[in-house]
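Number of protein chains: 2
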Amino acid sequence: MDRTLPNLDLLFNPRRVALIGASGTPGKWGFFVFLNILKGNYQGTIFPINARAKEVLGFPCFSKIEDIPGSVDLAIIATPAETVSGLIEACGAKGIPNLIVITSDFSETGPEGAALERQVVDQARRLGIRLVGPNTMGLFSSQTSFHALMPPIEPLKGPVSMFSQSGNIGTQILAWGVEAGLGFEKFVSSGNEGDLTCVDYLRYFAQDEPTRIILAYLEGVDPDSDFLPAAREASRKKPVVVFKGGRTQAGTRAAASHSGALAGSYRIYQGVFRQAGLIEASTTQEIMDCTKALTVYPIPRGNRVAILTRGGGWGVITTDACEEAGLLVPPLPAEIIHKLDKILPRYWSRNNPVDMAAVITAEPFMECLEILAQWKGVDAVIALGGRASIPGRVSDKPRVHEQLKAQEGLLKQIAAYYQESHHKVMNFTGSLIKKTGKPIISVTMGSQDFHKESMEVYGLASYPTPERAVRVLRMMVDYGNFLNAQEED
Amino acid sequence: MDRTLPNLDLLFNPRRVALIGASGTPGKWGFFVFLNILKGNYQGTIFPINARAKEVLGFPCFSKIEDIPGSVDLAIIATPAETVSGLIEACGAKGIPNLIVITSDFSETGPEGAALERQVVDQARRLGIRLVGPNTMGLFSSQTSFHALMPPIEPLKGPVSMFSQSGNIGTQILAWGVEAGLGFEKFVSSGNEGDLTCVDYLRYFAQDEPTRIILAYLEGVDPDSDFLPAAREASRKKPVVVFKGGRTQAGTRAAASHSGALAGSYRIYQGVFRQAGLIEASTTQEIMDCTKALTVYPIPRGNRVAILTRGGGWGVITTDACEEAGLLVPPLPAEIIHKLDKILPRYWSRNNPVDMAAVITAEPFMECLEILAQWKGVDAVIALGGRASIPGRVSDKPRVHEQLKAQEGLLKQIAAYYQESHHKVMNFTGSLIKKTGKPIISVTMGSQDFHKESMEVYGLASYPTPERAVRVLRMMVDYGNFLNAQEED
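Residue numbers (our numbering), protein chains in the order written: chain A, 1 to 489; chain B, 1 to 489.
The hints are simulated quantities; they were obtained by calculation from the structure and are not laboratory data. All residues carry an ideal CB built from backbone N, CA and C; glycine is no exception. A portion of the hints provided could be inaccurate.
Unchecked claim - Taking lysine-lysine and the DSBU-like style, the derived pairs with C-alpha atoms no more than 30 Å apart in a straight line are: (1) K412(B) / K452(A); (2) K237(B) / K28(A); (3) K28(B) / K412(A); (4) K64(B) / K405(A); (5) K54(B) / K64(B); (6) K237(B) / K452(A); (7) K376(B) / K405(B); (8) K424(B) / K157(B); (9) K64(B) / K64(A); (10) K434(B) / K237(B); (11) K405(B) / K157(B); (12) K405(B) / K54(A).
As the list claims (entries may be wrong) - So the derived label-pair ranges between C-beta atoms look like this: (13) Q419(B) / E233(A): 56 to 64 Å; (14) R125(A) / N484(B): 58 to 66 Å; (15) S71(B) / P330(A): 52 to 60 Å; (16) R15(A) / S282(B): 24 to 32 Å; (17) Q403(B) / E367(A): 43 to 51 Å; (18) K434(A) / N7(B): 56 to 64 Å; (19) N481(B) / E209(A): 52 to 60 Å; (20) S71(B) / G377(A): 40 to 48 Å; (21) Y417(B) / A53(A): 43 to 51 Å; (22) P330(A) / D224(B): 29 to 37 Å.
Claimed, not checked - Residues of chain A placed beyond 12 Å of chain B at every Cβ, according to the derived structure: (23) S282; (24) T309; (25) G315; (26) I317; (27) I414; (28) D478.
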């Protein structure tokens with residue numbers, strides 16, 4: 001089953017693309033794909049093909065693939081299943097090397113569909129065509145701004161490449177990325193994997209230079225494939241985050257009926273993931289949380305954590321979460337206590353977590369953060385800012401409006417002061433990470449937009465709760481342990 | 001230790017309040033408390049007291065408590081620790097029945113502070129004063145719009161009452177509530193619990209009519225107190241969600257140094273929580289998720305779940321999460337399959353989860369939802385909408401702008417159609433919950449504001465990931481089992 005690595009460069013970054021079944025009718029597969037390619041500002045040339053229309057969404061279109069002048073790098077098929085075989089023949093005649101078959105009603109619907117799928121895949125292979133799908137939600141690539149996607153999502157650009165055995169989960173992860181400030185380099189919904197499989201995408205992403213992190217949603221992998229060696233090789237080069245759907249018997253049954261995949265025993269998969277050094281997310285939320293962290297933080301060299309907190313309760317919860325996750329929260333040595341004594345009020349706890357207690361200004365927080373980050377006894381820091389937003393405006397409630405209105409200047413000053421403090425702390429945190437090579441994970445209890453801002457403005461992954469930060473750190477520590485073990489080999 | 005239930009009505013809904021240490025200087029404790037009371041549009045009368053100022057934030061103020069004309073229901077002390085004893089004496093002389101001591105530097109800082117705390121508490125008790133704190137971040141009550149809080153948070157009003165042994169965690173939960181659309185009836189940061197303890201607040205909230213749900217952050221409970229019987233009695237009347245800080249040895253040490261509480265063995269606490277029917281949240285995120293659900297959904301009568309999904313992958317993940325949480329996803333009986341056959345395309349999976357596959361309109365979704373909700377074989381439904389937002393505008397990217405601009409009308413139509421579909425589905429879901437008495441939990445992958453809208457516009461708790469919905473359902477099922485066992489007693 002071992003095949004040489006397919007070159008998927010042209011598939012992911014085509015210059016000339018035909019969309020067969022381009023449509024101006026909402027609800028048709030070829031409508032949203034065309035719209036998304038247009039809205040995504042594709043840098044190549046798109047040729048809409050529709051047998052019955054001269055124009056689609058205001059763009060002139062061709063009635064068949066043969067009519068397109070010159071070569072085509074990729075054809076997308078978005079017409080009913082019974083038309084696919086004939087179209088593949090035409091694509092072969094035109095010398096098109098890559099195909100994305102959006103069309104469903106193949107192996108996912110039963111034996112009849114499976115037979116049709118085998119037939120079209122064999123046909124494509126005979127003609128030297130590589131095929132994505134069938135039953136795929138499409139593909140995205142940032143280099144050419146190519147949004148060949150069914151759902152109306154405009155992913156952010158960034159260092160993550162993903163393949164997903166579920167189109168809706170994959171595209172939803174892209175959509176979450178928009179909200180989280182997490183950007184993607186390449187994405188493919190692998191569909192039924194009639195031809196190109198998850199192993200092909202994994203191997204391709206592993207050697208793809210702009211891909212710095214790989215993300216995978218898996219339901220079932222062919223046990224005869226070389227997934228394990230491919231995964232291990234990929235993990236040695238870059239982090240691979242994986243989520244497994246179909247972990248229980250009932251889940252496996254559900255998977256079989258939607259992607260046609262045999263999900264197999266979850267325990268075997270977990271063993272494979274561990275051996276290969278894959279970073280397994282246990283929830284969909286963890287997929288996002290962990291991947292975000294991997295784009296910005298160095299991998300920790302061990303599992304020892306310092307905790308800096310603006311509130312005692314948060315320190316308690318974070319410590320619990322660390323201990324429960326097998327991360328150590330070591331006591332402070334005399335030398336560190338001595339340094340912190342100079343900054344904190346006399347009654348501070350002399351404990352890790354370091355509680356800033358009533359000190360709410362930025363400077364002492366940064367000084368403490370630096371002492372902890374530089375401390376040789378820890379590999380990572382969790383910094384709990386607990387920043388509550390300070391509204392700079394006075395509400396217009398009738399009873400107090402007039403008198404408070406006079407204070408608006410003062411309130412604005414306070415809001416600006418907190419904003420500026422936050423800005424200082426975030427920039428300083430970024431510089432400390434560079435200086436120490438340790439991840440410093442911020443837990444800041446702001447809204448979703450606030451965490452997006454952390455990524456986009458400061459290049460820091462921040463989380464709304466300490467437990468999520470701890471879980472991310474645990475996953476990174478596991479990956480660090482894998483890398484360390486590789487070095488020792 | 002059993003005391004008669006203190007009447008805390010006047011503490012939580014005072015008509016006339018003195019703030020000792022009211023200040024116009026940002027950074028002082030008495031600044032933010034005063035500002036928050038003013039901004040919160042308090043319905044009673046507030047008397048600022050400051051020994052050295054004639055006016056604070058534009059309001060005339062008194063130099064001492066004795067100068068206030070007429071009676072005072074509650075005094076808030078926000079001045080340094082050494083002044084507290086003298087102020088309590090003055091409050092006693094004035095006949096003030098309730099005191100909130102914001103001031104810190106008591107038992108949380110060591111034996112010296114503990115001695116001072118015992119002294120002032122004894123003094124207050126001798127004078128017949130009930131005391132919140134010391135070292136509290138204050139109190140909130142929706143009835144009189146009373147925001148006696150240190151941090152600048154304006155909680156939403158609603159059915160949840162909370163006491164918290166950590167001020168920063170309690171107030172952060174209030175802030176998260178603003179973002180989640182979760183409203184509060186009463187809140188108290190219990191501080192060091194020198195006088196009034198968590199047991200007092202628990203018993204008070206249990207019989208407080210407008211409180212429909214109780215929320216508690218606990219670090220340590222006096223083992224000689226009647227916490228267990230009070231908790232069991234409360235749980236029989238209304239759901240009590242609890243989160244325990246200090247679950248590990250290291251966490252316990254951290255708790256001891258910030259609230260002075262002895263956290264004790266977590267296993268013993270877990271036993272008590274179970275016996276008392278408390279709903280234990282294992283993460284801070286679960287606190288919010290579960291409490292939100294309890295404000296809007298009926299308690300399920302059992303653990304059998306139907307899953308309706310717009311995407312196969314989501315069905316798989318939700319099924320896994322249910323099975324792993326001990327919730328059953330029973331197969332569809334012939335009668336239900338027969339009903340669904342009339343709505344879904346011929347190749348649908350005939351399985352629970354019910355995958356809508358390519359059907360994306362609202363009506364069939366609602367028809368399927370009704371069939372599943374009415375199915376006697378399940379106690380709850382999880383509905384995965386997977387709504388991707390459809391942007392109704394055309395971006396102004398240069399290459400495609402002109403031609404796409406002409407399609408803007410069509411795009412707006414599509415966006416409006418999805419918006420209207422969503423509106424229909426949410427309203428219909430609400431009516432189905434009323435009709436069937438079963439929780440129908442929406443998983444809709446929108447942004448944070450979208451979930452807030454679910455609560456505020458539709459009265460439905462929705463979640464961004466299936467795992468979070470499943471976990472909430474599990475917690476509700478456990479509480480339902482507790483209630484069932486009580487009935488059988």
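Evaluation of the provided hints:
Annotation: proposed proximity of K412(B) to K452(A) holds, straight-line Cα distance about 27 Å (limit 30 Å). Taking the CA atoms of K237(B) and K28(A), the gap is about 53 Å. The hint is violated against a cut of 30 Å. Only pairs whose Cα atoms come within 30 Å are accepted, and K28(B) paired with K412(A) is accepted, the gap being roughly 17 Å. In summary, the hint linking K64(B) to K405(A) is supported, as the alpha carbons are separated by about 27 Å, within the 30 Å threshold.
A distance of roughly 11 Å separates the Cα atoms of K54(B) and K64(B); the hinted pair therefore holds under the 30 Å criterion. The hinted pair formed by K237(B) and K452(A) fails the criterion: a straight-line CA distance of about 41 Å is larger than 30 Å. In summary, the hint linking K376(B) to K405(B) is not supported, as the alpha carbons are separated by about 51 Å, beyond the 30 Å threshold. Note on K424(B) and K157(B): the hinted pairing holds, with a Cα-Cα distance of about 27 Å set against a maximum of 30 Å.
For the suggested pair K64(B) and K64(A), the alpha carbons sit about 90 Å apart, so the restraint of at most 30 Å is broken. Under the criterion of a C-alpha separation no larger than 30 Å, the hint pairing K434(B) with K237(B) is consistent with the structure, at around 21 Å. Between K405(B) and K157(B), the direct Cα distance comes to roughly 44 Å. Violation of the 30 Å bound is thereby established for this hinted pair. The straight-line distance between the Cα atoms of K405(B) and K54(A) is roughly 19 Å, inside the 30 Å bound, and the hint therefore holds.
One distance hint, 56 to 64 Å for the beta-carbon pair Q419(B) and E233(A), is violated here, with the actual separation near 47 Å. A hinted range of 58 to 66 Å holds for the C-beta pair R125(A) and N484(B), which are about 59 Å apart. Checking the proposed 52 to 60 Å range against S71(B) and P330(A) shows it holds: the Cβ atoms sit about 55 Å from each other. For R15(A) and S282(B), the Cβ-Cβ distance of about 52 Å falls outside the hinted range of 24 to 32 Å, so the restraint is violated.
Between Q403(B) and E367(A) the Cβ separation comes to about 57 Å, which falls outside the hinted range of 43 to 51 Å. Against the hinted window of 56 to 64 Å, the Cβ-Cβ separation of K434(A) and N7(B) comes to about 58 Å, which satisfies the hint. Distance hint for N481(B) and E209(A): a CB-CB separation of about 55 Å, consistent with the stated range 52 to 60 Å. Between S71(B) and G377(A) the beta carbons are some 58 Å apart, a value that contradicts the proposed interval 40 to 48 Å.
Remark: the range hint 43 to 51 Å for Y417(B) to A53(A) is contradicted by a beta-carbon distance near 22 Å. Between P330(A) and D224(B) the Cβ separation comes to about 34 Å, which falls inside the hinted range of 29 to 37 Å. The beta carbon of S282(A) is not kept farther than 12 Å from every beta carbon of chain B, the shortest such distance being approximately 8 Å. With a closest Cβ-Cβ approach of about 9 Å to chain B, T309(A) is found to fall inside the 12 Å limit, against its non-interface label.
Interface exclusion of G315(A) from chain B breaks down, the closest Cβ pair being 5 Å apart, not more than 12 Å. Annotated as non-interface, I317(A) brings its C-beta within 12 Å of a C-beta of chain B; the closest such distance is 5 Å. The non-interface label for I414(A) is inconsistent with chain B: the shortest C-beta to C-beta separation is roughly 5 Å, within 12 Å. No Cβ of chain B comes within 12 Å of the Cβ of D478(A); the nearest lies about 20 Å off, and the non-interface call holds.
In summary, the structure is inconsistent with hints 2, 6, 7, 9, 11, 13, 16, 17, 20, 21, 23, 24, 25, 26, 27 from the numbered list given earlier, while agreeing with the others.
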